[in-house]
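Protein chains: 2
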Amino acid sequence: MRRVIFIILDGLGDRPITDLGYKTPLQTALKPNIDMLASEGSVGLVHPISPGVPPGSDSAHLSYFGYDPNIENPGRGSLEALGYGIKIEEGTIAFRVNFATLSGDVIIDRRAGRIESEYASQLADEVNMKIGTIDGFKFKLINTLDHRGILLVSGSKVSSEITDTDPHVTGVPPLKCKPLEAASNPENAIRTAEAINKYLKHVKDVLHKSEVNKNRIIKGKPPANIIIIRGAGVKPSLESFHERWGLKAACIAGGPLYKGVAAALGMDIVNVPGATGRVNSNFNSKFKYAARIVREYDFVFVHIKATDIASHDMKPLLKVELIEKIDRGIEIINNISSDDVLIVLTGDHSTSCITGMHTGDPVPILFHGGVRVDEVKSFDEVSAIMGGLGFIRGLDIMPLVLDAADRAEEYGIKTSSKPRMYRMYYNR
Amino acid sequence: MRRVIFIILDGLGDRPITDLGYKTPLQTALKPNIDMLASEGSVGLVHPISPGVPPGSDSAHLSYFGYDPNIENPGRGSLEALGYGIKIEEGTIAFRVNFATLSGDVIIDRRAGRIESEYASQLADEVNMKIGTIDGFKFKLINTLDHRGILLVSGSKVSSEITDTDPHVTGVPPLKCKPLEAASNPENAIRTAEAINKYLKHVKDVLHKSEVNKNRIIKGKPPANIIIIRGAGVKPSLESFHERWGLKAACIAGGPLYKGVAAALGMDIVNVPGATGRVNSNFNSKFKYAARIVREYDFVFVHIKATDIASHDMKPLLKVELIEKIDRGIEIINNISSDDVLIVLTGDHSTSCITGMHTGDPVPILFHGGVRVDEVKSFDEVSAIMGGLGFIRGLDIMPLVLDAADRAEEYGIKTSSKPRMYRMYYNR
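As given, the protein sequences belong to chains A and B, one line each in that order. Taking our numbering, I'd label the letters of the first sequence as residues 8 to 435. Taking our numbering, I'd label the letters of the second sequence as residues 8 to 435.
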């Protein structure tokens, strides 16, 4: 029986880049340690959701941990809130918020020049001071990091079955919040959406008049004159990872969303010095801690955001550098005995350095430690085609992990009165 | 963002043929242009429905366009009718009809010697003149092309939940039309089937007495002395392709079924000189038009029937020749910039030149334009095993197309109150 170190390099997969001789960053990077793991283990390609579908990071992670994102996703807003330590209660919904810049009637910057927390938190305070309750719904705006925030909406009739106002692109107006067509309680969804639209209009007025923005304009900086919201989420009520898979789990991550997913699944969050969730994060520190705490935990989830940031910023050379830097950190992991520990390394999705967007391309994945050894010697999007894991889906990962770690229960055995959760995935 | 040219070579896949040195026609053909596309792109194998299931062309096409044929197929009869410009209204069902030859009580020719339209249309007129209404159901027989026709059955209690009388093989009697066991309205299904059986008996009498058939017998030709019917279809009410996928689409095809599927999905039908839906079709003309109209459309569906006809006729050498001729036409497509256009090339199913029947073997598929480049240099059933697309299913194709064309929406984003239709396929 093995313990597991489960490493996700966010947005790892990519498409061929002309400047890299029509290779992907992963094909270009020198990464002897990762390639060593690949050559001693089994490699494959994972469709996080299903072929061709570009996943959000929340859905991809849930899927990898064995939670069907189609039916078990409490919503990005509440997962991200949880990552900042903001607990969502019944009767409250949470949105991920961006402070953004409107010019005329179109959004010209979805991040308001990446306004610093110092100013964004002042703006949030002003908004909360001037707007509290609308149509029986209570609103609270929380600035988290830089241009990012969380919006809490509370009320006995609140509904999360509503759309985003963030259009996810610039050059267009913000969207109206609308009830989902398939809302289970359409009346509550309509009421909530209407109150939110009123609130966002008020917020715009408050932000317009704020001294903070007047000063930004004087300094030639884009004003944070609107907020755009997305990913309405409710209080997470997911079965814990331990209950579902029998594994005591810990999370080492910098980014709040990933901590939030882990917290929602009841994993312990282990804070590591230098883990920032940014490109400057201390990867070695994360791997050192992982190697240490895997003695106490059955499953250690290590998340590195940097590769995704380089991709969203369309910087393939930076992505190559980061992969190489991560590879040097992997040496720490490679020294762990494969008799004791199963290492899984993959990405949560592909992010294209050409478009800066998530894509539906499958992501290379490797298993190392006791598993079959295929003929793949290098870890990249093309070499992985020949791998022993074949093409799998996100929801296949946990059954594969349990199996490779010699922890799987034989199908059909009824030692527990409760069905093992992964049975629901067998017959997809 | 790319536009898409989507080429279907009907019945493209095959099995090894002894006379071809135990290779398939696709493995045998010299096809430098198609191989160039394969070597610059991603290749895979598609199960049109699921492994081992031989699809009908209607189901395969629906599946490829992202419509689940299990729940979204209005029926081959009405699709084919639509391809001839025959609109089906509520209260009417449509069948595909063959004029056939009965000897004793068994069918000896399912196409009555491929009787020409000149005579078959006379027979249809005679039938319509002598038989109009039976048990409250109105019947109309339309000859379309050669031995082919459409039968319309109308009535307030008409049901399409009934079986074919075409046994799909020779040497056996025509089948009785029966209600489906799972019919939602068994009473209507029983009534409809009974009226149809009476009608077909009358038709047999009329055809038997026709001068047309007497003349055929004198000339030693097989008489068209019965009709056999299949694929009861209702008025199509499918969400349009544009609504489902956001793509403005056009169809270039000769065969009526393919035009009918495209019309049912709201695609524009572009008629091209020399496109016959037969082995003599002008392939170059189709590709020239595709290259031209892809500037006005997001998605151009090009269908070539010839490869399937050669397979049904069990002529592997002809199939090789046709693939080589098509390949010369593909050169026109190859000259389009891969920055602007995604090319997808595949077959709707495999058809065996040995048995002359559709098989459930997966079909090679290639994507060219911005996608990952795998190590496959040749486009055939065996080389494709190593391709970067892996093994996919028909319903995966549209999500993969949107993704490769940089038109996919990230999973979980709620910018619209209506779910994107492909979400229904995520968890298969």
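No wet-lab data here; the hints were simulated from the structure. No experiment lies behind these values; they were computed from the predicted model shown. Among the clues, some could well be false.
Treat identical chains as interchangeable: a pair holds within one or across any two.
[Said to hold, decoys possible] DSSO-like, lysine-lysine: derived pairs with alpha carbons at most 30 Å apart:
#, residue 1, residue 2
1, Lys137, Lys332
2, Lys145, Lys384
3, Lys228, Lys147
4, Lys211, Lys421
5, Lys384, Lys94
6, Lys255, Lys137
Problem set entry | Contradicted hints - numbers only | Violated hints: 1, 2, 5, 6; rest satisfied.
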